[in-house]
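S.K.: Here are the chains, one letter per residue:
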Amino acid sequence: MPLVDARGGFPRLKITTRYSIALPCVYDAPEGGWPVLWLLADDGGLYSDWVRRTAVESFAEELGIAVVMPEGLHSDYEDMKRGLDWNTFVFDELPAYLQGVFPLSADPKKQFVFGAGMGGLGAIRQALRDPAAFAAAGAVDTDFNGFDTDARHTTPAWEHRMATIYGDDFRAAEILARSDPRQLAAQAVATLYLGKTGNDPEQMDAFAALLGDKAVMLTTERTGWAGREALLRQFMEVCARG
Amino acid sequence: MAIFHIQYPSKVLGGEGEFLVILPERAPRPYKVLWLLHGAFGEAYGSIWDSSIIRYALNRGLAIVAPSSYMGVYTDMIYGEAGYSLVKEVLEIAPKLCPCLSVKPEDSFLMGISMGGHGSFKLALEFPERFAATSAFSSPIDMVGVMTALAEGRHGGGHELVDAFGSADAYRGTIGDILHRAKSLKDAGSPMPRMFLAWGDNEHASGECNVVAKCFAEWGIPLESRVGVGGHSFDTWDPMLPKVLDWMLKGEYSDATC
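Respectively, the protein sequence lines represent chains A and B. Numbering-wise (numbering that gives the first Met the number 0), the first sequence opens with residue 0 and increments by one. Numbering-wise (numbering that gives the first Met the number 0), the second sequence opens with residue 0 and increments by one.
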């Protein structure tokens, strides 16, 4: 299976960035292009993380799904108040560009999004905001409580991070309405897949409870990247089944 | 500009092959393509690192595809890699993986550096209907002549050439016998891509290149040629690269080009 190590500049993102693409095979893309999984890196993660730490290339080949793996630095995959427009880049600019370069489908029914940690937040939140854009979305090991006022989310470092991404008034009602995944959960119309490894089951359970019957839990006893790999595989099998 | 380093399962190698695809920002799709072949002992990045070819090509709306042919010397070696089949494999699969790359002959250009020029002429003359133009810089176009000189102690090449080509007799008359191939096409009245050969005035390949230019002239085969100032290096070739690109694209070679 071909693996593409890509780098290039994008007008809206403004910087030169990097991403990986795993294509299912060299020859004979299906009419209309390959189904695409947009697989997002964790907080501070690299475009190469999923390739280095999982068998995603083999999954792409076996299941016939192209996998595009961008990185998003520390952005929560948002258009940052103080920073770059990572949301526009990952969900608009990059797909539009790549669909003109590689044989990738532009059909929303063949678009999937998944991520670990911050990548899962980006995936689920985008699917909640724009449910017509993806056929399936999922997250693993994701903290959905970033806007909470508990001890973990009120440290100076965390609040500085949130202010960088969302602005100083990041707990204002209009920002919570647009960006807090717990509030967005109430408007869920499609099934969302939440991956539960041995790492942090409670927080995924809590978010699943908010989603109600719109949540499907993917589970594994494995932890760390082994767990993420197992859940990625399960999610991609769901995608392949359509 | 976008640069894609693509690794893929190569049927030819029986392992992993690689090539670069470099795309311009503002150019109509499908992109015109410069197929860029590196020199001996090099790999796909070689000509990229040592020259300004990316800037020259992208400024002219050309995409670049640069395969790694390892030490395949653009032939299916007697002892070694199938270097020519490997490049032909990339020629086939790159536009399948990147449909934004044009496969029209009028949009397809070859350029080879040193040994890469053997490949760029060999491909152009095996598939004259596939390319608009080809170019070579200080290249062993006439490998039969090189192998003859090597056998007679008049050439400084190493055992790699013997491993690859065997001998002059073994290579004579094959698709890589470029003088023979060019004359055959000429005699048959078959069209050929436009061809450009450049070399330095102070280097080992100047004699070989001169011979090729004289043969083509004698046979009435159009070949544009220029002699740069310097040796067998990118210091000599780099200033000529944009001029040769313009010649391949527009038929004009201007010293004012940059």
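Watch out, some of these pointers could steer you wrong.
[To be verified] Below, in silico cross-link-like pairs of lysine to any residue (SDA-like), each with a Cα-Cα straight-line distance of 25 Å or less:
1) B/Lys87 - A/Asp106
2) B/Lys103 - A/Gly99
3) B/Lys95 - A/Lys13
4) B/Lys95 - A/Thr87
5) B/Lys87 - A/Val25
6) B/Lys10 - A/Arg17
7) B/Lys95 - A/Met0
8) B/Lys95 - A/Glu30
9) B/Lys95 - A/Pro29
10) B/Lys103 - A/Asp27
11) B/Lys95 - A/Leu12
12) B/Lys95 - A/Val50
13) B/Lys95 - A/Arg6
14) B/Lys95 - A/Glu56
15) B/Lys10 - A/Asp106
16) B/Lys95 - A/Gly31
17) B/Lys182 - B/Asn201
18) B/Lys103 - A/Glu30
19) B/Lys10 - A/Thr87
20) B/Lys95 - A/Ser104
21) B/Lys249 - A/Ser104
22) B/Lys103 - A/Lys108
23) B/Lys10 - A/Gly43
24) B/Lys213 - B/Ile174
25) B/Lys103 - A/Glu56
26) B/Lys10 - A/Lys108
27) B/Lys95 - A/Ala95
28) B/Lys185 - B/Gly229
29) A/Lys13 - B/Lys182
30) A/Lys13 - B/Gly60
31) B/Lys213 - B/Gly229
32) A/Lys108 - A/Met79
33) B/Lys10 - A/Val50
34) B/Lys87 - A/Asp27
35) B/Lys87 - A/Met0
36) B/Lys10 - A/Ser57
37) B/Lys103 - A/Glu60
38) B/Lys185 - A/Gly241
39) A/Lys108 - B/Gly60
Treat the hints as calculated values from the structure; they're not laboratory data. None of the values given here were measured: they were computed from a predicted structure.
S.K.: Now look at each hint and say whether the structure bears it out.
M.R.: For each hint, the structure was consulted:
no.	hint	verdict
1	B/Lys87 - A/Asp106	violated, 33 Å
2	B/Lys103 - A/Gly99	holds, 18 Å
3	B/Lys95 - A/Lys13	violated, 30 Å
4	B/Lys95 - A/Thr87	violated, 28 Å
5	B/Lys87 - A/Val25	holds, 14 Å
6	B/Lys10 - A/Arg17	violated, 28 Å
7	B/Lys95 - A/Met0	holds, 13 Å
8	B/Lys95 - A/Glu30	holds, 12 Å
9	B/Lys95 - A/Pro29	holds, 11 Å
10	B/Lys103 - A/Asp27	holds, 20 Å
11	B/Lys95 - A/Leu12	violated, 28 Å
12	B/Lys95 - A/Val50	holds, 23 Å
13	B/Lys95 - A/Arg6	holds, 20 Å
14	B/Lys95 - A/Glu56	holds, 19 Å
15	B/Lys10 - A/Asp106	violated, 32 Å
16	B/Lys95 - A/Gly31	holds, 13 Å
17	B/Lys182 - B/Asn201	violated, 29 Å
18	B/Lys103 - A/Glu30	holds, 21 Å
19	B/Lys10 - A/Thr87	violated, 39 Å
20	B/Lys95 - A/Ser104	holds, 15 Å
21	B/Lys249 - A/Ser104	violated, 36 Å
22	B/Lys103 - A/Lys108	violated, 33 Å
23	B/Lys10 - A/Gly43	violated, 37 Å
24	B/Lys213 - B/Ile174	holds, 21 Å
25	B/Lys103 - A/Glu56	violated, 32 Å
26	B/Lys10 - A/Lys108	violated, 33 Å
27	B/Lys95 - A/Ala95	holds, 19 Å
28	B/Lys185 - B/Gly229	violated, 33 Å
29	A/Lys13 - B/Lys182	violated, 53 Å
30	A/Lys13 - B/Gly60	holds, 21 Å
31	B/Lys213 - B/Gly229	holds, 21 Å
32	A/Lys108 - A/Met79	violated, 28 Å
33	B/Lys10 - A/Val50	holds, 23 Å
34	B/Lys87 - A/Asp27	holds, 18 Å
35	B/Lys87 - A/Met0	holds, 19 Å
36	B/Lys10 - A/Ser57	holds, 18 Å
37	B/Lys103 - A/Glu60	violated, 30 Å
38	B/Lys185 - A/Gly241	violated, 57 Å
39	A/Lys108 - B/Gly60	violated, 34 Å
Hint check: violations occur at hints 1, 3, 4, 6, 11, 15, 17, 19, 21, 22, 23, 25, 26, 28, 29, 32, 37, 38, 39; the rest are consistent with the structure.
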